[in-house]
Every structure is written in structure tokens, then in C-alpha cells.
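> Top line first, the protein sequences correspond to chains A and B. If you count by the numbering used here, then the first sequence holds residues 1 to 246, one letter each, in order. If you count by the numbering used here, then the second sequence holds residues 247 to 473, one letter each, in order.
I should point out that these hints are in silico values taken from the structure, not numbers from a laboratory. Remember, it's a predicted structure, so these values are computed and weren't measured experimentally. Wrong hints could be hidden among the right ones.
Stated by the list, open to error - Simulated restraints on C-beta separations: (1) A/G89 / B/G404: 32 to 40 Å; (2) B/D473 / A/N105: 25 to 33 Å; (3) B/E465 / A/S62: 33 to 41 Å; (4) B/I277 / A/Q102: 39 to 47 Å.
Even for Gly, the Cβ is constructed at its ideal location relative to N, Cα and C.
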Amino acid sequence: MNFIKKISSVLLALSIGGSMLGVNAFAASKEDVISTAKSSGIRSDYCVMIENYLATNSSFSSADYDQMIYLMNYYGGEYLTKYADEKFGKKVEDLTEQEKEQINNEIPKEEKVEILKEISEKTKDLGINLEVDVENVESGNITVYISSNIEKQSKRTVADVMSMAKKNGVELPEDLTTVQVSKEHNTTNLTQGVGTTMAIENAVTETGGELEFKVNYIAVAIAVLVVTLGIGGVIIVARKNKESDI
Amino acid sequence: MSESSKKNPFKKWLPFWTTPILMFLIIGGIIVAVLAVPFAKIKTYSEFIFNSKNTADVSGLSLISSYRSSTAPDLVSNKEDTLGHTIIYPYYGDVYAIVNCQNAGITDVPVFWGTDNDILSKGAGQYTGSTYFGLEGNSVVCGHNNTVFYNLANCKQGDLVEVITTYGKFTYQVSEIVHFKESDRTYVAPTEDERLTLYTCWTDGMPGSSDDRIGVICEVIDKSFYD
């Protein structure tokens, strides 16, 4: 449910920015937001993500929560309701994870783009730049670029984890103290400056390692082999022809 | 020079140029044929060779995750929300745990909160759509198969996996080894039981990446919060 995720993310972003849309406030709570996410057909792992996010961000007012619920119902509920009924004759809350996924795959990409563009317009005023790559739609993919001015820097390190563990009497493996307080792990600095592109995550992430160097070597090796054989062939045959001519 | 060539220079130059071209094509064809079988495994390389544009679908955007600012305080849970214990929530990009599975040769792997490329180049990452360690649900951690989770495939049923976090120490036991496709979210989805899922790319010994994943599912056997 990619677009639902994008939407739900932006909904929260809109709320963070304090966007003012006409909503009927009913003094919602964090729990109401989570239960709305679950009942409006948002994929279950995204619901956990929203739950995690709200657990660590307590600065929202009930008006903010109202806003989240309103937008979640509008973008998530309305669109999903239509497709859930048409496709499976079900209510949104009764959809299985597979059915949600199927609906997401079947919603025309053009429609998704329109929704995202609409959201993009709304987020501009909030300092969040959400750009939809329309060109990619034709090739079967929608790419959304999001950037903000949030500083991307992490402070907690392995050393912190160790120190907390030790303080609490946890026995650490002997080599841990020497191995992990290395420069690389101890200075986890992810800063990329102003205008940082936000993190892009997949539920199942690409974990194939960093191949750039190996790939380049293999590419070069194959290219060199082909060219060498080709040129070799040309020279050998040309000589042969020349000899037979003489 | 032969008489016929003198009379018709075309006859001379035609084989002179076509023969090497044909040879080139034959050799090229042999190479393509040899590479055809393992093509699936080297398709990553082919993208670089042919400079194809990467148009991978973005299936998740963690706009809702925020990195720790320089003045950010620790995020401490309400005990009533977290089974009566205090959890120190990580910010996006924080190291908040260390994973060990001595039997498999996984030692002292730092676990960050989040799974973007920056993070995975530094250690393992926990999917932000999964549960914090120690709480009910599925805690999903992934890492690269050529670095931190190089030995993940060595895990066997019954092996112990130890997770040391900023707020407690948790011990798990490997209960199942699974293989799944990148598009299959079955094993990273939330669960009702408390479990740890570790996964990485499954390339069956080949270098590089693939659409296949190997997952190690662990059940919790001991929990020890610091408070």
C-alpha cells in the first residue's frame, strides 16, 4: 500500500505543520489516531510505524490529532472504500493485508499521482518539498522525492549502548569493548547538510551489499574481454586474408 | 593477387571485412550464451554495464521518522504504555542495540533505528514499521549480506540470539529459517507474538544482491529490562 504509506506520512507531516483545514474537532487522542489508521485500511506495518512515531512525539495537541484523523479518513478511507467495495465487496476494515496490497496495485498510477500532486501543493507552505516524478509513471514507477530542512544527525552510538548495559550490570562479550568502539561505529554522523532528503525505507529492504566497485570491475572485465576478442579476430583474419592475397 | 579479385575488388574486400565481423558476432554470441544461465544472478551488474536507469519503485517513505537534533532529549516511554517498563526510544539513525549470535558468527553488530542506505552502510537497521525490542510484536532487523549479516545464513534452529539495547537485554532462540522474495512482506509484518526477525539478501553464495531473502525467525526466551 505504497501510496497509502506516502499519504499517511504526509498526513502526519501536515499535522506537524499545523495545517488548518476545516474539520470538525472532537478532541481526539493519540489512541484515536492509531485506531483510525487501523480501521481505514492502512497496511499493518505502517500502522505500527505511525504508532511508533506517535509514541516518540508527544507534542501534538488534540487539534493535531483531529487533523490526522480527518485527512486519514479522507485520503485513505475514501479511496480505499471505493475499491474495497468494487473489488471484494468488503468494508475497508475487513480487508486482509493481501487484499490491501492488491487494491494498491490496481489503483491507476495516474490517480495516485493526482492525489500525491494535491498533497504536494498542500505541503509546500509547510516547508516540506514533495516532488512527484511524473515521467517515471509511464515506465511503471512513481518516484516521490521529499526533502526538508531537518538536520540529519545521530548522536547515540554503540558506546552509549554499552555504557548503559554495563551500568545496568549486563555482562558484555569480552571482544565487544574492543571491537565496536571503532571510529566508524562510534562517530555515527549521518549529516548531509541542509535540504536533506528524508530516509527512504522499504518494508523489505535491499540488503545485497555495496557492489559498486565489484560491479565496475566485472563490467570492465567483460567489456575488455569482448573488445579484445573482437579486435583479435579482426587482426588475425585480416592478416590471414592478406597472406592469402599475397 | 588472383585474377577474379583484380577484376572485381568487391570480392576481395567482402570476406576481408565480413569474416572478422562474423567472428566477433560468434564470440559475442558464445559469451552471451555462457552468461545466459547465471544472468538472473548478475542482472545487477548488467544495469551498470548498460547504464540502465534505476527506476526502482519507492515503496516506503519515512517522512514520519525524525533524526535526533543536536539538542534533542532522550525519549522515554510512559511505563503504562510499555508493559510497566521504561523504554528509551531511539531517534531515526540512532544505534540503540547490539545483536549477537555467537554460534553463527554474528558478533556485536550495531543495530540502528531505520533501514535507509546510510544506515545499512554502517550496521544493521531495524524497520521503523516494526516493534521495539521487548514489546509484543515483530522486531524486524536487516543488514547487508556482505558485511554485518554475512554469517546470517549460518544460523540454525535452537541458536541463541542476544540483543542488548539502551533499556534492557533480550534473549531469543532461533525457531525457523525462511526464504522469501523481496516483494513478500509476510515475515516483516506485525505479529501477535513477540519475536525477532533478522533477514538479509540470499544469493546462495554468489556475490551481490538478489530478490531473494533469507530470514531467521526467533522467539523470545528471556527479557531483562534495566528498570
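> Take the hints in turn and mark each one as holding or not.
Hint check:
Between A/G89 and B/G404 the Cβ separation comes to about 46 Å, which falls outside the hinted range of 32 to 40 Å. Range check, B/D473 to A/N105: about 45 Å between beta-carbon atoms, so the 25 to 33 Å window is missed. Under the hint 33 to 41 Å, the C-beta atoms of B/E465 and A/S62, about 39 Å apart, fit the expected range. Restraint check, B/I277 to A/Q102: a C-beta distance of roughly 41 Å satisfies the suggested window 39 to 47 Å.
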